[in-house]
Structures are given as structure tokens and as C-alpha cells.
Amino acid sequence: MARELLRRLRSWEGLLFVLLLVVLAYNIARVPNFLTVTNQVNLFQLGIEKAIVVLVMTFVIISGEIDLSVASMMGLSAATAAYLFQSGVPMVVAILVALAVGAGFGLINGYFVAVVGLSSLAVTLAGYVGFRGLARLLVQDNSVGGFPEWFTDLGQKGLVGPLTLSILLFFILAIIGTIVLHFSGLGRLTYVIGNSAAVARYSGVSVVRTRLIIFTMSGFISALAGVLMAARLGAVRASTAEGFELDIITVVLLGGVSIFGGVGSMIGVLLSTYLVLNLRNGLVIAGVTGNTQTGIIGLLLILSVLVPNLANQAREWWRRRQADANARAPAEPVVEPTRSQAASG
Amino acid sequence: MKRRNFVAGIVCAGLLAGNMGFAALAQTPEASPVAGVKTGESVKAMLLPKFLGISVFDQANKGAQEAAKELGSQPPDFVGPTAENSVAGQIEFMTNAPTGGYQVVMLSNNAGEQIAPAAEAAQAAGTKVVTWDSPIPDAKGESFFVAQVDFNETGKVMADMALNILGEQGGEFAILSASPDAANQNAWIAAMQEALKDPKYANLKLLEIVYGDDESEKSYTQAQALISKYPDMKLIMAPTSVGIVSAAKAVQDEGLCDDIKVSGLGAPDEMEAYTLNGCAPEFALWSFVDLGYLTYYASYLLVTGQIEAKDGQTFTAGRMGEYTITKDPTRPDVDALRILMGPFSIYNKDNVKEAAAALKS
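Protein chains in written order, with the working numbering: chain A, 1 to 345; chain B, 1 to 361.
Please keep in mind that the hints were generated in silico from the structure rather than gathered at the bench.
Treat the hints with care, as some may be off.
Which stretches of chain A does chain B cover? Using the computed rule of at least three CB atoms under 8 angstroms from a CB of chain B, they are [as the list claims (entries may be wrong)]: (1) 24–36; (2) 141–151; (3) 238–248.
Lysine-lysine pairs mimicking DSBU-like chemistry, simulated, CA-CA at most 35 angstroms apart [unchecked claim]: (4) 62/B - 229/B; (5) 62/B - 205/B; (6) 157/A - 310/B; (7) 249/B - 229/B; (8) 200/B - 249/B; (9) 327/B - 140/B; (10) 38/B - 327/B; (11) 140/B - 157/A; (12) 44/B - 157/A; (13) 44/B - 62/B; (14) 157/A - 327/B; (15) 353/B - 205/B.
From a predicted model like this one, the values you see are computed outputs, not experimental measurements.
Glycine included, C-beta positions come from ideal geometry on N, C-alpha and C.
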């Protein structure tokens, strides 16, 4: 079973890699300056906030949950920082409060999911609406700007060579995320819980603690991304980062993470992140309009979610047919033991 | 595995098909000689409106395409972000323009001063940035601004229309604007507030400024909210072609056209019905076709080195005649250059039908 899983993963990442090469080759062939440092920096910089949240969303989805509130949290943290700054609070303090708000609401999300036992879909849907509502209360219909120069410089200018703070943070977080997910106890727990929470609980595993950590991190990293976006754009509106949650979730799924949890790898997600950034960059440079970009990336993502599921169903159907033939038409369909256990929990 | 290769194939095919579409567009039409201007040089230009899907921007594109054809250049790429993603999307297009080989970006700015770093980077990388319709407020990264009308005059025109509609006794009115990041609307509203200080407008009382982000539905909701919030409101002034239609529709749907009037800046073809039924008795605009035409001409001459972005530079813009680049008097605090188009056209029941028909043809 584990080997089968590994093989599937490896081939999915292989596909992503091939797709990436195709998009890269296509972009390089058509755009002379594609491989320049400037363009590669631009390419990351223009989607960097989503890329950062993708990292933490990987943990959330592998643990078998979902967090729909990330983009609203980005907006809320940006709005919090902007509101406080506008009211005369020093920018550094405003940023720290915004990050604390993110961690705090993340913990509350985690509490309702892990301790109270509500569905994360429902809990974070409330956050999706609620956090955005709070952001609107804070900055109303205004566009709040005029931040200190050091703040916008951090968001827009290279910190180490041409690399901005956001890009550096993304790579640091990607390394930390990979280590934690694949080489730590927390990472192993994330997979175990995602595979079957019931099994994990009966095995004496601290499901509650792991979930609390993951949701708190989700809130915190989203808040960080929101502040970074405020610095990059130099102004905050209540609609900052609106609609980003779906892009973020779909990039994670394209990376080979199963929406049902327990399956996926950071490498796959990083590949899909770079793939989507490249695709978008190529489309913009080719002069493709916003709506068409959304359409093309959407199509890719639909396929990425549908294809593995259809393939799995086909495989299942084939196996069942074989089993049926062997057992000479039993009354009930054959169900795998692990599946029935998960369903009863 | 086979199935996955199949997916890869579909995606690649999609990408290739997309590219062929653009290749087909890129062919250069025959040059026609234009007086006093060297034509025939192909310029790769991007026409970047606030976002797509607004009829006045389509009209500007029509004018720009017409000018490109006259000048024997390849047609400019008319691209833009989605309305929800306007600020980040404009920055994205601007940032990627030099990589894409664009020689000039013609921008109707919807990203306030937030676009300035990207525009400056584009200029540094050799891509000119010319603004039209809506400038970069601090003029950073902007070669010059092609102004549809004088922005101070816009404020006065709006104040005059309000006075005209409400009469001597005046009344309360609200402003329904586009987005709070829209430099042109912000400048017009500020100019109107300045104009209102004149004692002649003493009876006009501004209640509130709300923003519909140039999205029809949001503008409609905002107009409805104004109607319920201010029972004594007599007028909604919307200095945006999207907002004014939404406001007129909201007032009409409430059946309040006799009590609340709508005015502002609108496209005659979209406003015709509301002007004829009395909901929006008077509104103003200029020709967006001409604005696109003039912007393309000035951009082409700038990129081909036939003019410089400096005070006092004159040039001839095809059928529209002679223009001069001057310091922008409406942005006195910054080092900004402007080409002033004009004039305003005021529309009412006497001329709206004709103007609408002209646009539809």
C-alpha cells in the first residue's frame, strides 16, 4: 500500500516536472528576457503572498482539513496594521499586533475544529466571512497608504541583492516546511491524522495539539502574508487579497496533495507553485488579459483535481470488477478494511 | 501514466493555440502618410485600462487602433486586469512590460501612487509610460499625462450640473465614485469640493462620498444604500460611467426619478434611456475614441524619438490637429507634464439621442 502510494506520488511529481519544463521551454523560446534575474524575481514577487500561504495550506490539507479563511485573514491583518498606523501607532507595533491577530484567530479556528469538533469547512467559512467583515469595519471603503518608507521599501526593494524580504521569507519557510513535514514528529502526525483521525486518536496520538498548531500557524502565516502584501502594494483596502483562498488551495491540490488528506509532498507543492507562477508570468508577458489568465489557470487546475480522482476511480472500479469475478458475484461490494474504519469514525 | 501525458498534451495545445492567436494579430498594416510625422515604424505598445469590460475603454481602444493603423504601426495590445484585481493586476502588467518587449505602456491608472515603483522600473528598463484618463498622482515613472479635460474644470462642470438640476433652492446630494484608488475621480471630486466654496453653490450640500469600484452591482448597492440612508437627498453625482448608470438604474427601480436625480460623467449610449425619462436630465463626457487616438499618437511620437517629454513640445496628432505638452497645472506640487485634449460635451434630452447613435454606429 505504502509503496503504491509512493509510486503514485513520484509519478505525479514527475508529471508536474514535465509540465514545468514545457512551460519553461515555451516561455524561454518566446520571451528573450525570460531567464533574466529581473524577470525571475518579478515572477516570484508578483505572486509571493499566495506562494507563502500555499506552504502552510499544504499542512492543513494533508491533515485532512481545509482553511477557507486564509485570504480574509490576509485582508484583516493588512487592515489591522493599516488602521493602527493611521491611528498613530508606530508601524512596528502595528505589524506585531496584526501578526498576533492572525495567530489568535488561527488558534480560535483550531479550537473549534480540534476541541469542539466542528467541521473545518464550516468553521473557516465563518472566518472567511467574519475576518473580511472585520477588515471592512477597520478601513471602510478607503485606501489606506502613506506608510513609512522603510516599510514599503521592505515590500518592494531587494534586501539581499535583488531578492526582496518576501522572497527570502518564502524560501526560508519552504525549507522549514519541508523539514517539518517530512522529517519531524509533527509532520508524521499530520499525515497520520490526515489518513484517519480515528485511528490516530485510538493510537494515543495528540490529534488536538497537532491541529491547534496547524491552524494557529495557518492564521499566523496568512497574517504575515497580508502584511507583506501591504508593504508590496503600499496601500491597503478592505478587499486586499480577496479571492486568494481558492488560488492557494488549488495550487496545493495541483501539487498532488489529496483533498481528503494524508497524501502529498512539499516537493510537489513547490513544483506546482513554480509552475503556476511561470504560467501566469508567460501569459501576462504574452499580453493575455486578466480574465483569460484566470480561465487558463482554472482549466489547468480543474484537470489537476479531476484527473487523479478519475484515475483512482477507474483503478478502483477495475479492481472491484476483478474481485467480483473472483468471488463469483458476492452480494455486497468489496470494501477495503481501512476505509470502513475511517468512515465509522 | 498515459492519461497524465494526455493532460499535458491538452495544456500544451491550449498554450500553443493561444499563441497563434496573438501571432495573427501582430501583422503590420499598410502605412498611410500623415502630415509632419514619420510613419511606418512598428511600435510594440500596450494599452492598459483600469480593467476590461467598460465601454468607454473599448472606445479608447478603438481610437488607439485607428491611430496605430494611420501611423503604420502594429496594433497596440489592449489588455487589462479583472475589476476585482485591478490594483495588483495593473502592477503585474506594468512590472512585466519590459520583459515582454513593450516599448510603451499607455496606462489609465487605477492603482494610485502604488503603481509608481513599477512604472519607474519600467522606464529604467526602457519602456515608456504614458498615462491617459487617469494619471499617476505624483507623476513618478510617468512621461506625460494625456488629460481628457482640465481636471479643475471637471469639478466646476459637475458643480454647475448639480446647480442646474437642483435650481437656486439647491439641496442635499451625495457622490458615488469609482474606486478610492482612482486618481482621476479623486482629483475631480476634490476639484468639485473646491468649486463648491463659491457662494453661488451655497445651497448645495454634500452628504457623503461612497465608492462602487466601477463594478455595476456594487455601485447599484451603494446607490440604494444612499437612497435609504438620506431621505432628503435630491441628487446623486457619479463621476464615472459605470457609477452613473448604476445610480440611475437604482433610482428608477425605486420609482424615485421625480425626487432624486442622477448626474455626473457617463457614456451617451448607456445613459440615453435615463436622460430621456428624466432620471438623469444632464450629464457630461468627452470622446474616449479621441482620447485613445491622441494618446496613441503622442506615445508613438515619443517612442520613435520624434518628440520629447518636455514642457513646450508641440506635435500634430493626425485628424485632431496640433497639441502642446505643458506642465500640468492641476498637479502643481509635482513635476508633471500634461497634454490637454478637451472639450467637455454636456448631454441632455436635446442631444443625447444623436450622440448615442453616433457611438453605436
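### Unsatisfied constraints (hint numbers, rising)
Hints 4, 5 not satisfied by this model.
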